[in-house]
Structures are given as structure tokens and as C-alpha cells.
Amino acid sequence: AQSVTQLGSHVSVSEGALVLLRCNYSSSVPPYLFWYVQYPNQGLQLLLKYTSAATLVKGINGFEAEFKKSETSFHLTKPSAHMSDAAEYFCAVTPGGATNKLIFGTGTLLAVQP
Amino acid sequence: GAVVSQHPSRVICKSGTSVKIECRSLDFQATTMFWYRQFPKKSLMLMATSNEGSKATYEQGVEKDKFLINHASLTLSTLTVTSAHPEDSSFYICSARDLQRNTGELFFGEGSRLTVL
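Protein chains in written order, with this note's numbering: chain A, 1 to 114; chain B, 1 to 117.
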């Protein structure tokens with residue numbers, strides 16, 4: 001079975017500081033991995049995805065994530081936080097394939113302090 | 001990216017009534033759509049997989065008779081919350097894949113906030 005663990009339900013950083021949101025996954029087959037962002041009262045927007053190509057994935061808004069099979073991790077990073085990055089971030093996993101359901105982590109709320 | 005639209009974005013209803021939420025894929029066809037429920041400050045819980053032309057597949061613990069799902073066309077799935085109660089108040093989000101892209105990515109609707117009085 002697939003599962004996702006996000007360490008830290010709340011993360012607070014200063015504007016301009018490094019953002020690191022942690023995600024570990026469990027999957028019995030090669031997974032597809034995703035990071036989504038959700039702003040208040042809105043749906044989810046895809047930040048980036050890993051689908052068995054390059055292990056370092058670059059996404060929108062300056063975010064990137066690295067797939068590390070040995071650590072079963074897919075942590076999300078951004079070198080310099082902006083105030084507009086404040087939102088809820090979800091890591092998600094699905095076994096490879098186009099029809100499988102997506103399993104979400106519990107989310108990490110990112111706060112950016114001025 | 002592909003566009004998924006939900007309607008209504010907000011709905012308030014009285015206890016005991018039924019509410020229908022629509023999910024449309026606007027620029028692609030979706031044989032499968034997914035319905036999620038999100039509680040305040042919680043993650044997204046998959047409720048069911050909606051299959052075009054056949055019965056939906058419900059996750060364990062989700063009441064089929066309570067949450068009726070219909071996927072009558074390749075671009076429309078509906079979720080009907082029957083005999084709504086205050087505990088059904090939540091944020092419901094639908095999603096779909098564009099199989100022609102085959103990236104595994106889910107495209108999400110904007111969500112529908114249901115408040116049952």
C-alpha cells in the first residue's frame with residue numbers, strides 16, 4: 001500500500017530564508033510523486049511532479065524537489081521564501097500509471113514572517 | 001494545464017435536504033474522476049472514484065447511499081449529498097486526469113464548501 005508522511009504540520013520561516021518541507025513515502029512499486037499547494041478556500045495547484053525521469057525536479061514559483069529512493073524521500077525546497085509562498089503544501093503519491101488514485105499526506109502549513 | 005471546474009463554489013442548505021455538486025473537465029475527457037473531502041486543517045480524504053458509465057468505487061467508511069456519485073458523461077461527474085446533516089459540512093474537491101497526457105497528474109477543481117445548518 002502507498003502512504004505519505006509529512007513531517008511538521010506547521011513550518012515558519014523568515015522572508016528570504018530557505019524553505020524545506022519534508023515528505024517521506026511508502027510504495028511497493030515505483031511511485032509517481034507530487035507536491036501540491038493550496039491557498040485558503042481554493043483547490044489544489046500542482047507545484048511539481050516526479051514520474052521516474054530526472055530525480056531533481058523543478059517546479060513553479062522557484063520550488064524544487066529531489067527524489068531519493070534510498071531515503072524514500074521527496075522533500076520540497078525553495079532557496080528564498082516570499083510572503084506569497086504562505087499556504088498549505090501537500091505531498092502525494094500514486095503507483096505508476098494513469099488511473100491510480102492519489103494518496104495525500106497530512107499537509108504542511110507554511111508561514112512566512114516579514 | 002487541463003481545467004477542472006466545480007459548481008457551486010459555496011452552498012448553504014438546511015439539515016435534511018440534498019445538495020448536488022458538479023465537476024466538469026473543461027478541455028479534456030475524463031473516464032475517471034476522484035472526489036475528495038477536506039476537513040478544516042486536515043488533509044484530503046479520498047471518498048470515491050467516479051467511473052464514466054459505471055458505478056463509483058467508494059473508499060472504506062464512506063456511505064454510498066449518503067454520497068451519491070454519477071458520472072454520466074466523459075466531462076461531468078456529480079456528487080449528491082443526500083439528507084445532509086451538519087456533520088457533512090466540509091470542503092469537497094473533485095479531480096481528474098487527462099489520460100492523453102499520461103503524466104499521472106491530477107487536475108483539481110476549485111472546491112465546493114458545503115455548510116449544513
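Don't take every hint at face value.
Claimed, not checked - Below 20 angstroms or equal to it, Euclidean Cα-Cα: the simulated DMTMM-like pairs (lysine to aspartate or glutamate) are: (1) B:K66 <-> B:D98; (2) B:K41 <-> A:E88; (3) A:K101 <-> B:E87; (4) B:K64 <-> B:E87; (5) A:K101 <-> B:E63; (6) B:K55 <-> B:E87; (7) B:K42 <-> A:E64.
Worth flagging that the hints you see were computed from the coordinates, not collected in a lab.
How the hints compare with the structure:
Restraint check: the Cα-Cα separation between K66 of chain B and D98 of chain B comes to about 28 angstroms, which exceeds 20 angstroms; the hinted pair is violated. Only pairs whose Cα atoms come within 20 angstroms are accepted, and K41 of chain B paired with E88 of chain A is accepted, the gap being roughly 9 angstroms. A hinted pair counts as satisfied when its Cα atoms are at most 20 angstroms apart, and K101 of chain A with E87 of chain B does not qualify at roughly 25 angstroms. About 16 angstroms separates the Cα atoms of K64 of chain B and E87 of chain B, which keeps this hinted pair within 20 angstroms; it holds.
Of the pairs offered as hints, the one joining K101 of chain A and E63 of chain B holds, with about 19 angstroms between alpha carbons and a cut-off of 20 angstroms not exceeded. A distance of roughly 25 angstroms separates the Cα atoms of K55 of chain B and E87 of chain B; the hinted pair therefore is violated under the 20 angstroms criterion. With a CA separation close to 24 angstroms, the supplied pair K42 of chain B and E64 of chain A exceeds the 20 angstroms bound.
This entry does not satisfy hints 1, 3, 6 and 7, going by the numbered hints stated previously.
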